[in-house]
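Please take these sequences and the hints and turn them into a complete structure.
Per the UniProt record's numbering, the sequence shown starts with residue 1, numbered consecutively.
Just so you know, these hints were derived from the structure itself, not from any lab.
Be aware that one or more of the hints could be misleading.
[As the list claims (entries may be wrong)] Have a look at the derived ranges for each label pair, beta carbon to beta carbon:
1. 94 <-> 9: 25 to 31 Å
2. 66 <-> 106: 32 to 38 Å
3. 14 <-> 100: 21 to 27 Å
4. 107 <-> 19: 35 to 41 Å
5. 119 <-> 97: 34 to 40 Å
6. 86 <-> 66: 25 to 31 Å
7. 63 <-> 30: 15 to 21 Å
8. 9 <-> 119: 17 to 23 Å
The beta-carbon is built from N, C-alpha and C at its ideal position, and this holds for glycine as well.
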Amino acid sequence: MVPETPPSADEAFALLANPDRRAVLRALRDHGSLDELALARHVAAARETDGGADPTETDGEDTVDTERVRAVHLSLWHVHLPRLDETALLDHDRGDRIVAPGPALAAVEPLLAYADAYPGDAHSPEDARSPDGGTDG
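Following this line, the structure appears as structure tokens:
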């Protein structure tokens, strides 16, 4: 049974500590319901962008290696989607292989936005990476 209330603050921070789970929630926030493989492509593209890939290449998804998408899909299926589903952050229909935003996603959106903007996070704005707004070094 899916809980009706959002996760506790401790649970929300623990869930958002993982970059793949943040990428899942970002994709659902930005695109709504996705099939599992499309979601895996989004997460794999986010991993490549974090690793220094050029984010201006289409949207990163078309250049993601099929094997990488398959590995991400397995990780999502066995680890991340069940954890996020049990806290109502998403709704995972295993039969139809569709993942949709859950009723509790809106409650953790401020935390996700903060993680996105946090200095040093891979998704933070470039000028927030160092205290003086410039580059480190």
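Between residue 14 and residue 100, does the beta-carbon spacing fit 21 to 27 Å? Distance hint for residue 14, residue 100 holds at roughly 22 Å.
Cβ distance range 17 to 23 Å for residue 9 and residue 119, holds or violated: 21 Å, holds
Status of the given 34 to 40 Å range, CB of residue 97 versus CB of residue 119: Given about 37 Å between the Cβ atoms, the range holds.
Distance restraint hint 25 to 31 Å, applied to the beta-carbon atoms of residue 94 and residue 9: 29 Å, holds
Okay, residue 66 versus residue 106 on CB: inside 32 to 38 Å? 34 Å, holds
Is it true that the C-beta distance of residue 63 to residue 30 lies inside 15 to 21 Å, as the hint says? 19 Å, holds
Can the suggested window of 25 to 31 Å be confirmed for the beta-carbon pair residue 86 and residue 66? Holds: the Cβ-Cβ distance is about 29 Å, inside 25 to 31 Å.
Is 35 to 41 Å respected by the C-beta to C-beta distance linking residue 107 and residue 19? With Cβ atoms ~20 Å apart, the hint is violated.
Of the numbered hints stated above, the single one contradicted by the structure is hint 4.
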